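Visitor: Chain by chain, the residues run as shown.
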Amino acid sequence: MHTSLKATLLLGAGVVLAGCNGPRRIRERPIMTNGDRTASQERMVANAAADGVADNAMLMQTRDSVYAKAVATCRGSICASVVKGEISLGMTPSQAMAATRTAPAAWTIRESGAATVMVPRVLGNSPKDATGEVVMVQFDDDRVNAVSYRETQGIRVVSSAADTTTDGRATAMADALIREGDQFNAAGDRARALDRYDRALALKRADPMLEYKVATMLDLQLRPVEAQIRYQRFLQSLEIERIRAQGDANAQLADAIARAQQRLIVLERQAPAPQAAPQPTPQTTPPPPTTPPPTPPPTREPGQTR
Amino acid sequence: MTITTTVAIRRLAAFGLAAVTLAACNNRRVTRVDPASVTDLSGRWNDVDSKLVANTLIDQTFAGPWSAQYASAHGGTPPTVIVGSFRNRTLEHVPIGMFVKDLERAYVNSGRVRLVASRDERTEVRDEREDQQTNASAEARARIGKENGANYMLQGDVQAIEDAEGREKVVFYQIDAFLVDLESNQKVWIGQHKIKKYIDRRRIGW
Chain A
5 MHTSLKATLL LGAGVVLAGC NGPRRIRERP IMTNGDRTAS QERMVANAAA
55 DGVADNAMLM QTRDSVYAKA VATCRGSICA SVVKGEISLG MTPSQAMAAT
105 RTAPAAWTIR ESGAATVMVP RVLGNSPKDA TGEVVMVQFD DDRVNAVSYR
155 ETQGIRVVSS AADTTTDGRA TAMADALIRE GDQFNAAGDR ARALDRYDRA
205 LALKRADPML EYKVATMLDL QLRPVEAQIR YQRFLQSLEI ERIRAQGDAN
255 AQLADAIARA QQRLIVLERQ APAPQAAPQP TPQTTPPPPT TPPPTPPPTR
305 EPGQTR
Chain B
137 MTITTTVAIR RLAAFGLAAV TLAACNNRRV TRVDPASVTD LSGRWNDVDS
187 KLVANTLIDQ TFAGPWSAQY ASAHGGTPPT VIVGSFRNRT LEHVPIGMFV
237 KDLERAYVNS GRVRLVASRD ERTEVRDERE DQQTNASAEA RARIGKENGA
287 NYMLQGDVQA IEDAEGREKV VFYQIDAFLV DLESNQKVWI GQHKIKKYID
337 RRRIGW
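Residue numbers (the numbering used here), protein chains in the order written: chain A, 5 to 310; chain B, 137 to 342.
It is possible that part of the hints are untrue.
Claimed, not checked - Chain B stretches covered by chain A per the calculated footprint, using a threshold of three residues with CB under 8 Å from any CB of chain A:
1) 164-173
2) 193-204
3) 207-213
4) 237-243
5) 313-327
Unchecked claim - Here are the simulated BS3-like cross-link-like pairs (lysine-lysine), alpha carbons at most 30 Å apart as the crow flies:
6) B/K333 to B/K187
7) B/K282 to B/K187
8) B/K332 to B/K305
9) B/K330 to B/K305
10) B/K305 to A/K88
11) A/K88 to A/K132
12) B/K282 to B/K237
13) A/K132 to B/K332
14) B/K323 to A/K132
For the record, the hints were derived by calculation from the structure and aren't laboratory data.
None of the values given here were measured: they were computed from a predicted structure.
Glycine included, each C-beta is placed from N, C-alpha and C at the ideal position.
Let the sequences and hints guide you as you build the complete structure.
Guide: As structure tokens, this is what we get:
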């Protein structure tokens, strides 16, 4: 009886000790209790506003002095470009800054002999001119000789007077789209390739080779009616006789013509010609397939030759 | 003491007791206190948490270089911000709008950031503008297509972790806010505030 009581007590003590073996708690000192006060927002906003006004005033002052210097030293078309907010070839660094309405704080300027390169200080915040987002301005003897813009299709470099015009920009964008389309085509993604060619065609209307590429893509995607129209447009857009006369110089184009004519014959045999010549627009939904169901190949007798 | 007197005394005592009981029920007391004062009652999310979050985010947003960098690259024009979704991912009711409005107010009043109406707010404004095209006079009419596009969108969320044992409870809140460049999807600023609360529900205590 005595031994059993001892055992019970020992067991009880063990259980109690085990129960006490919880996670060790360190009482942290509270950092905020009832009755304390939270900081005033008014003061924080007022401080931020004061800082903002000071920073802005300094920025404006620098920008205005750059602008004044730019306008004082410009002439003719350069002056007009500064006012329009467009970097043009032949500008000085201060004129380029004035055209983008920026101060030197927005740029990192590196000089090496006669060459100077200006790039945005923060890449995510590139300065913009009237044309687009400027990612690099190159100077030769303190005069702009190349400007690089970040466009949707990549970087576009303006290094000649022709590149600065609206047509020049459209051509550069179309070329970038064609390059992208060629890459998709090479990768076997014909739908995306066709999309890029279509978009390029909107920018570069008078390009027979682009029309031929669109026709080929449509043909490969088994859209015969649209392909037929495109092949016809391609052939109509060419001065075939002149191209034939030029011979080897246009061998590639001649080859395309031959292929287009060949495909047209095949497509015309397969499907009825479209009723009225519709104006095919890029990005249109394809018409329902008009290709007749495939016929089984004619059986050939043994020994028969073509 | 006569029976009548005894009855009268008893009635008086009963009346007095009823009056005391009724008076005891009228225990409501309302006072106005300083909105900046800390008053924690239940341990749930309250005005103090909201204010602490707002203060921290305001402080962090103006300490970051994003608005100055934008202004520098754009000829001193401050960036334009739109408030996007700010989600409450806790099980508690957290009125997100309170600290977001504090942040909006700070943006506008500081002059360092421009703010445009959010998706919900602008619907009403557009309706009114549309109505003006028919009903307002030509010189007073608000023109269409003159809205200011935002450069950055403010997004964020509130998350919480709870741990409880017996009468003790710990709640940890993490509030994240970030500004995303609408063209490049780049996050240009991330603000964060953490709140840890220890709640001890004593049965007897002073």
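Visitor: If a hint holds in the structure, say so; if it doesn't, say that too.
Guide: These are the hints, each one checked on the structure:
1. 164-173: This one holds; 3 residues, not fewer than the three required, reach chain A with a Cβ under 8 Å.
2. 193-204: Answer holds; 5 residues pass the 8 Å Cβ test.
3. 207-213: holds (count 6)
4. 237-243: With 3 residues close enough to chain A, the hint holds.
5. 313-327: Coverage by chain A holds here, the residue count being 4 at a Cβ distance below 8 Å.
6. B/K333 to B/K187: Holds: B/K333 and B/K187 sit about 15 Å apart, inside 30 Å.
7. B/K282 to B/K187: This hinted pair is violated, its Cα atoms lying about 35 Å apart.
8. B/K332 to B/K305: 11 Å, holds
9. B/K330 to B/K305: 17 Å, holds
10. B/K305 to A/K88: Violated - the C-alpha atoms of A/K88 and B/K305 are around 65 Å apart, more than 30 Å.
11. A/K88 to A/K132: The hint holds at about 12 Å.
12. B/K282 to B/K237: 25 Å, holds
13. A/K132 to B/K332: 45 Å, violated
14. B/K323 to A/K132: 20 Å, holds
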